[in-house]
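Asks: Taken in order, these protein sequences are the chains called A and B. Residue numbers for the first sequence follow full-length UniProt numbering, so the first one is 1 and each next one is one higher. Residue numbers for the second sequence follow full-length UniProt numbering, so the first one is 1 and each next one is one higher.
Mixed in with the good hints, there may be bad ones.
[Unchecked claim] Quick partial rundown of chain B residues pointing at chain A, CB under 10 angstroms, derived from the structure:
1) L149
2) A150
3) V155
4) L173
5) I292
[Said to hold, decoys possible] Covered by chain A, per the in silico footprint, the following chain B stretches (three or more residues, Cβ under 8 angstroms):
6) 159-169
7) 174-181
8) 295-306
9) 325-339
[To be verified] Examples of chain A residues toward chain B, derived with CB under 10 angstroms:
10) L326
11) R329
12) L331
13) I343
14) Q345
15) F466
16) M467
Hints in this document: simulated from the structure, not taken from any laboratory. Built from N, CA and C at the ideal position, the CB exists for glycine as well.
Next come the chains, spelled out residue by residue.
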Amino acid sequence: MRIPDSLCRLVVLCLLAWLPWVAQAQDDPGQTLLESLDTTSYVEKGEAIEAIIASGDERSRRWLEALLGGKLQRHKASGQFVVVLENRGRHWPVVDALGFEEAGEMSRRELDRIGINNALRGQLQGALAVLDLHADEVDERREAARALLGDIDATLAEPLQALIDSEEDGEVRRLLEQALAIHRLGQGEMAAVEDLAGSLNSRVRAALSSASRSDDPQLAQAAGAALVDIEQKMKLNRGLETLYFGLSLGSVLVLAAIGLAITFGVMGVINMAHGELIMLGAYTTWAMQQLLPGQPGLALLLAIPAGFLVAALAGVAIERGVIQFLKGRPLETLLATFGVSLILQQLVRTVISPQNRTVVSPDWMSGSIMINEGLSLTLNRLYVLGFALVVFAGLMLVMRRTRLGLEVRAVTQNRAMARSMGIRATRVDILTFALGAGVAGLAGVALSQLTNVGPNLGQNYIIDSFMVVVFGGVGNLWGTLVAGMSLGVINQVLEPWAGAVLAKIVVLVFIILFIQKRPRGLFPQKGRAAEG
Amino acid sequence: MWLTRPLRERSTQLFLGILLAALALVTLLNLTLPAAHPLHVSTYTVTLLGKYLSYALLAVAVDLVWGYLGILSLGHGAFFALGGYAMGMYLMRQIGDRGTYGDPVLPDFMVFLNWDSLPWYWLGFDMPWFAFLMVLLAPGLLALVFGFLAFRSRVTGVYLSIITQAMTFALMLAFFRNEMGFGGNNGLTDFKELLGFDLRSDATRLGLFIATGIALALGYVVCRAIVASKLGRVSVACRDAEARTRFLGYRVERFQLFVFVVSAMLAGVAGALYVPQVGIINPSEFSPIFSIEVVLWVALGGRATLYGAVIGALLVNYAKTVFTGVMPDAWLFALGGLFVLVTVFLPKGIAGLLDLRIKRRSATSDSTPATGEATA
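Sequences are here, hints too, so could you generate the full structure?
Replies: Here's what the structure looks like:
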């Protein structure tokens, strides 16, 4: 009998095709690990699973999951280990179990399943739960340990104890001990309460609160006491969080109001277009990001000087174009600048779009810092808070330490006298207005990271900014800082029980009443400056 | 009697003559000419004119405090809206069981929010006399309390402007809340009848227009009477030199309070006449932008003239109707530009221009007060 030529060729081809795999498999320690699974003894299989876990191989999870699902199989002819992707029909698509490359389709008859029994299934499930605890990355181990809280049963308790002893990272150890303690608490162990006391994790609290309802009165009492203790800690954390949000809101208010405080305080000018200068700063940030696609961080950094410049130029235009003609008529100035604000808003609507624009936050600004399990601070707010303080400090320096600041203060106190001493008051006016407007632009850059950038952005802040300035006292930068921060905190404190809108109303009414008591604000100007 | 004294003035006679003639003319053109006639004034136009007239009354109220008292109120929209809400509450109660849900007592929005009874502050609004009293009292009381606190502690100038703005802003936020019981976002609407007259009938609409015109005439006379009285002269003195007036022995804050409250009540009446004609009142009337727009009407027409406020209100609102119809985008540009141009180039407004003409012709000095500003 003659074997057909074509069949011969096919067999050779097949053998050739396996060759590289054979070569690779020999170097791979995974091959040995999997080989040891292919045995008829379930005891040996159990040992093999242990060995896989202990190996720390990054493919362990996929192997074990496949094994658990009955999808880890071996090609009868070649001995290649494969993972079946879908076991329906006759021909199953498979991937190689070592490299996870596509290996075409194989007939179910060619494959041998590596079987497991119930005991092994339990072992596998437990093993998968703790598998990530063997990961090399500390973060992954912590994540895995956190996920284990409240999910531990008797079979896991022992291997976990062993893991705790060999673990190097303190945080992982602490989490694992907590997880074990929750388990022990479930068994009615008194000492576990002590181990869990003070933790803010929600699962720990759930475990404690179920223990506080247990039949053992002693345990229930101890758990209840621990729970009360935790509640107190939580309250403190919530308080701190409210304070943080309050300061964050306050920093936004300070940024928005401080430019206003300068122009209002120095020139006695109410600039109703201030909100729109903020809006211009925010749109500059957006434009920068359009110019530098893919680099939101760099764009944001560049937007800081750009936003300042754009808003400052707009401010100079407003000062030269409108305000200089209305010297000594503050109410008319208010109306005229309101007109300017309407024009600027409509300009943005017409030229750019009436829709909101999204400004991307760079990676280093998103996310949050976790102080403990009950308190985490969002990074973007932290940055804005820091930015507000830096801007404030910068302005203080300008006003206190530079020639411009000196001249500004002189003009504020006595315009005529300052002029006769050779200070060019008009120039000081322009520079002051540019400075105030520029700071509004900076506020816009910061705000673009917290809220939507749209034509109405400025409007939402203008009344609040006025309130801050009036509350703090005109012409007093410290007053603006204190007023902005305290209004932010008051708002956040009121919010939980009054709702956002009512909190705002209460704050407005409070300020209206406060002005009756102290018409010149928290920190009124004293002496000669007050006469103006 | 002090109220009739203005009727002897030439300017008041002229103003009332023109106003009443215009009322009569519009009524005639609406009633007698057939709809196809080119000079026919449609009921739609009549209602529109009625709306303008209620705005004009509001502008007169603002001019009274800004022009003669030197108080730039950026919150007069609040008084206007309060009067409007008082009227709206009456109209809501008049709907009776004809609402969508057919509840004989509760307005539709309350049924929708599952309220089972009227809140206490809605009681009495089914009686017209009580509702009309509240049109005067609600804004008046707010002005009394607010003004008492503000003037007593001598809050003036831009500070006062800013806190009036804060007042109307706070009220706007409050009225937006459903829990307040004023219909929240949607406000009060879907009115049926006023004092038994169907609000959709042409005759009622014409009647409302005439009533608004008469209210404007009366309001003008009242303001004129106040301005011409000794009290008005002291008010002007407060405006021009507050400290000096105080040293002369006048209790400045009392004059300010009186004029402020009267002005708020006038604004309330304007709001009450506005609501049945436009058929809705919602919290946007409280918005600070509306109040500041009213100030622009006065500034354009000419401060401290009263008739200037009327001219400004009519002109700006007519322009707004035309602009928003033809090119809505341009309206805010026009409005913003108007703010700038009027304050920079036309400090005395249109009335100032007219005045200049008259002066040039007759070369006699007029007694219009100077528009000098007491600096903050």
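Asks: Compare the structure with each hint and give your call.
Replies: Hint check results:
no. : hint    : in the structure
1   : L149    : holds, 4 angstroms
2   : A150    : holds, 7 angstroms
3   : V155    : holds, 5 angstroms
4   : L173    : holds, 5 angstroms
5   : I292    : holds, 6 angstroms
6   : 159-169 : holds (count 8)
7   : 174-181 : holds (count 3)
8   : 295-306 : holds (count 3)
9   : 325-339 : holds (count 8)
10  : L326    : holds, 6 angstroms
11  : R329    : holds, 5 angstroms
12  : L331    : holds, 4 angstroms
13  : I343    : holds, 4 angstroms
14  : Q345    : holds, 7 angstroms
15  : F466    : holds, 5 angstroms
16  : M467    : holds, 6 angstroms
Figure legend: structure checked against the earlier numbered hints; every hint is met.
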